[in-house]
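Quick mapping for you: the protein sequence lines, in order, are chains W and F.
Reminder that position 159 of the first sequence reads as 158 in numbering that gives the first Met the number 0, one-by-one numbering, no gaps.
Reminder that position 26 of the second sequence reads as 25 in numbering that gives the first Met the number 0, one-by-one numbering, no gaps.
Worth flagging that the hints you see were computed from the coordinates, not collected in a lab.
Any given hint could turn out to be false.
As the list claims (entries may be wrong) - Here are the simulated BS3-like pairs of lysine-lysine, each with C-alpha atoms no more than 27 angstroms apart in a straight line:
hint, chain 1, residue 1, chain 2, residue 2
1, F, K18, W, K86
2, W, K96, F, K114
3, W, K96, F, K229
4, W, K181, F, K245
What the hints assert, rightly or not - Some chain F residues well away from chain W (every beta-carbon gap over 12 angstroms; in silico):
hint, residue
5, T1
6, G15
7, Q46
8, P77
9, H78
10, E242
Backbone N, C-alpha and C fix where the C-beta goes; we use that ideal spot for every residue, glycine too.
Okay, here's what each chain looks like letter by letter:
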Amino acid sequence: MNWLASTLLSSIGKKLMMAITGLCFCGFLAGHLAGNLTIYLGKDAFNSYAEHLHSLGPIITLVELGLLFSALVHILTGATLFYQNLKARPVRYSVNKSAGGRTLGSRTMPYTGFILLVFIVLHLINFHFIDKTDTTIYQIVHSAFANYVYVVIYVFAMIVAAIHISHGLWSAFQTLGANHVKYMPFIRGLSYVFSIIIVLGFGFLPIYLAYIA
Amino acid sequence: MTKTINLNLKVWRQKGQNKKGRLETYKAVDISTDMSFLEMIDVINEQLTHKGKEPVAFDHDCREGICGMCGAVVNGRPHGPEMGTTLCQLHMRHFSDNDTIVIEPWRSRAFPVIKDLAVDRSALDKMIQAGGFISINTGGAQDANAIPVPQEAAELAMDAAACIGCGACVAACPNASPMLFVSAKVSQFALLPQGKPEAAKRAISMVREMDRLGFGNCTNERECEAECPKEISITNIARLNREYFKAGFLSAEK
Ligand code: FES
Numbered sequence: 000m001n002w003l004a005s006t007l008l009s010s011i012g013k014k015l016m017m018a019i020t021g022l023c024f025c026g027f028l029a030g031h032l033a034g035n036l037t038i039y040l041g042k043d044a045f046n047s048y049a050e051h052l053h054s055l056g057p058i059i060t061l062v063e064l065g066l067l068f069s070a071l072v073h074i075l076t077g078a079t080l081f082y083q084n085l086k087a088r089p090v091r092y093s094v095n096k097s098a099g100g101r102t103l104g105s106r107t108m109p110y111t112g113f114i115l116l117v118f119i120v121l122h123l124i125n126f127h128f129i130d131k132t133d134t135t136i137y138q139i140v141h142s143a144f145a146n147y148v149y150v151v152i153y154v155f156a157m158i159v160a161a162i163h164i165s166h167g168l169w170s171a172f173q174t175l176g177a178n179h180v181k182y183m184p185f186i187r188g189l190s191y192v193f194s195i196i197i198v199l200g201f202g203f204l205p206i207y208l209a210y211i212a
Numbered sequence: 000m001t002k003t004i005n006l007n008l009k010v011w012r013q014k015g016q017n018k019k020g021r022l023e024t025y026k027a028v029d030i031s032t033d034m035s036f037l038e039m040i041d042v043i044n045e046q047l048t049h050k051g052k053e054p055v056a057f058d059h060d061c062r063e064g065i066c067g068m069c070g071a072v073v074n075g076r077p078h079g080p081e082m083g084t085t086l087c088q089l090h091m092r093h094f095s096d097n098d099t100i101v102i103e104p105w106r107s108r109a110f111p112v113i114k115d116l117a118v119d120r121s122a123l124d125k126m127i128q129a130g131g132f133i134s135i136n137t138g139g140a141q142d143a144n145a146i147p148v149p150q151e152a153a154e155l156a157m158d159a160a161a162c163i164g165c166g167a168c169v170a171a172c173p174n175a176s177p178m179l180f181v182s183a184k185v186s187q188f189a190l191l192p193q194g195k196p197e198a199a200k201r202a203i204s205m206v207r208e209m210d211r212l213g214f215g216n217c218t219n220e221r222e223c224e225a226e227c228p229k230e231i232s233i234t235n236i237a238r239l240n241r242e243y244f245k246a247g248f249l250s251a252e253k
């Protein structure tokens with residue numbers, strides 16, 4: 000096998016791909032959140048933010064393709080890891096007990112990941128692949144969240160995302176080999192802080208649009 | 000006077016590798032709390048033998064926590080509930096009267112059950128054979144101080160070298176991954192000048208062998224570090240990852 004393929008497809012290589020794509024998503028989420036916060040500045044601010052964003056043209060397309068590629072890598076690698084790891088213990092224990100290493104996030108990674116995939120598809124259908132002629136993005140978002148079912152789904156999805164990130168972020172650093180006595184406590188703390196920022200930052204938006212704005 | 004306790008044991012019994020196994024219930028009566036866990040099984044085995052039944056097969060050797068032969072999953076915890084302890088060093092005073100104790104073998108596709116609680120851990124040896132060594136030309140030994148080693152590196156290497164290869168990391172890992180073992184073996188050499196010449200080859204060969212043997216993949220669950228009887232840290236796994244990336248992307252090694 001080619002050296003690059005054999006490095007990337009090894010167990011550590013797969014972790015590397017999960018870590019890098021995962022970190023890309025964290026970066027994307029931070030940018031996405033910063034943009035979305037313009038909703039609090041009102042309809043016009045949000046619409047003009049969206050316009051500015053789309054005026055970037057090819058750059059946006061490039062970023063979108065990058066995200067799509069990362070998503071494919073993350074999903075396929077994650078699914079492979081999930082399957083291989085199930086197979087690695089054909090006879091399960093009759094008593095399972097954690098020694099305190101696992102967290103809610105770490106033990107649910109494949110499941111939270113799957114829920115997020117379903118959510119992202121829904122999210123793209125809701126706001127991306129939608130006819131935007133004769134309307135503004137603010138109107139689309141506002142009318143979507145007039146339906147409380149969407150509010151519930153979106154808030155739930157953000158809680159799931161936070162759980163996923165609470166393990167994923169520090170885990171990515173560990174995988175990259177960046178486990179250092181001086182920085183690891185900070186990185187672990189950052190994972191939780193970032194998760195909370197995601198759940199509050201994104202999660203409050205539908206509630207705000209539905210009941211306050 | 001020493002205290003004694005009675006216990007209900009549920010022990011995994013399996014006649015051979017491809018035989019079907021199941022948990023059998025035994026009563027352990029008047030067990031001294033000064034006994035070790037293995038001595039408690041010795042008592043059960045004596046009773047079974049007297050009754051003309053097969054004793055429970057389990058691995059052990061030094062019984063002083065240094066050889067890495069012993070090990071079973073006790074109530075879901077490899078080497079039992081105490082931190083930093085091998086099964087042979089686990090004492091019955093950590094249990095209470097009338098406790099139910101479920102005893103199972105290490106569970107991993109790469110560790111087939113030989114009999115009852117004894118599993119075949121030669122997969123760990125195969126990974127060592129793949130690269131867990133240094134090659135040295137024979138001849139007169141050179142002066143011990145000829146190669147300077149920083150104290151801190153020596154300490155870290157010793158911490159990694161504390162691994163006794165018992166396989167508890169595999170047993171504890173939700174994915175049955177031996178990353179802590181491999182990382183300890185790679186680290187103990189990578190940290191020392193004598194290990195550097197073969198570092199790239201070692202990292203690649205050992206990881207490749209690990210994957211070939213059908214172990215799971217590490218997902219940083221950290222159960223290994225919590226269960227390791229020698230308390231080996233997952234910072235070693237981060238070092239293994241660095242060594243592996245260096246070898247895979249930067250070295251000429253294929
Ligand atoms: S028997 Fe040697 S470590 Fe337990």
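Taking the hints in turn, this is what the structure says about them:
This hinted pair checks out: K18(F) and K86(W) have alpha carbons roughly 19 angstroms apart, not beyond 27 angstroms. Proximity of K96(W) to K114(F) is assessed by CA-CA distance (about 24 angstroms); at most 27 angstroms being required, the pair is judged to hold. Simply put, K96(W) and K229(F) have alpha-carbon atoms about 19 angstroms apart, close enough for the 27 angstroms limit, and the pair holds. Among the hinted pairs, K181(W) with K245(F) is consistent with the structure: their alpha-carbon atoms are about 22 angstroms apart, no more than 27 angstroms.
For T1(F), the requirement that its beta carbon stay farther than 12 angstroms from each beta carbon of chain W is met, with the minimum near 28 angstroms. With 12 angstroms as the threshold on Cβ separation, the claim that G15(F) sits away from chain W holds: the shortest Cβ distance comes to roughly 14 angstroms. For Q46(F), the condition that its CB be more than 12 angstroms from all CB atoms of chain W holds, with the nearest at approximately 23 angstroms. Residue placement check: P77(F) does not keep its beta carbon more than 12 angstroms from all beta carbons of chain W (closest about 8 angstroms).
Not every CB of chain W is more than 12 angstroms from the CB of H78(F) (nearest about 10 angstroms), against its label as outside the interface. Consistency note on E242(F): stated as away from chain W, yet its beta-carbon is not over 12 angstroms from all of that chain's, at 8 angstroms minimum.
Hints 8, 9 and 10 from the earlier list are contradicted by this structure; the remaining hints agree with it.
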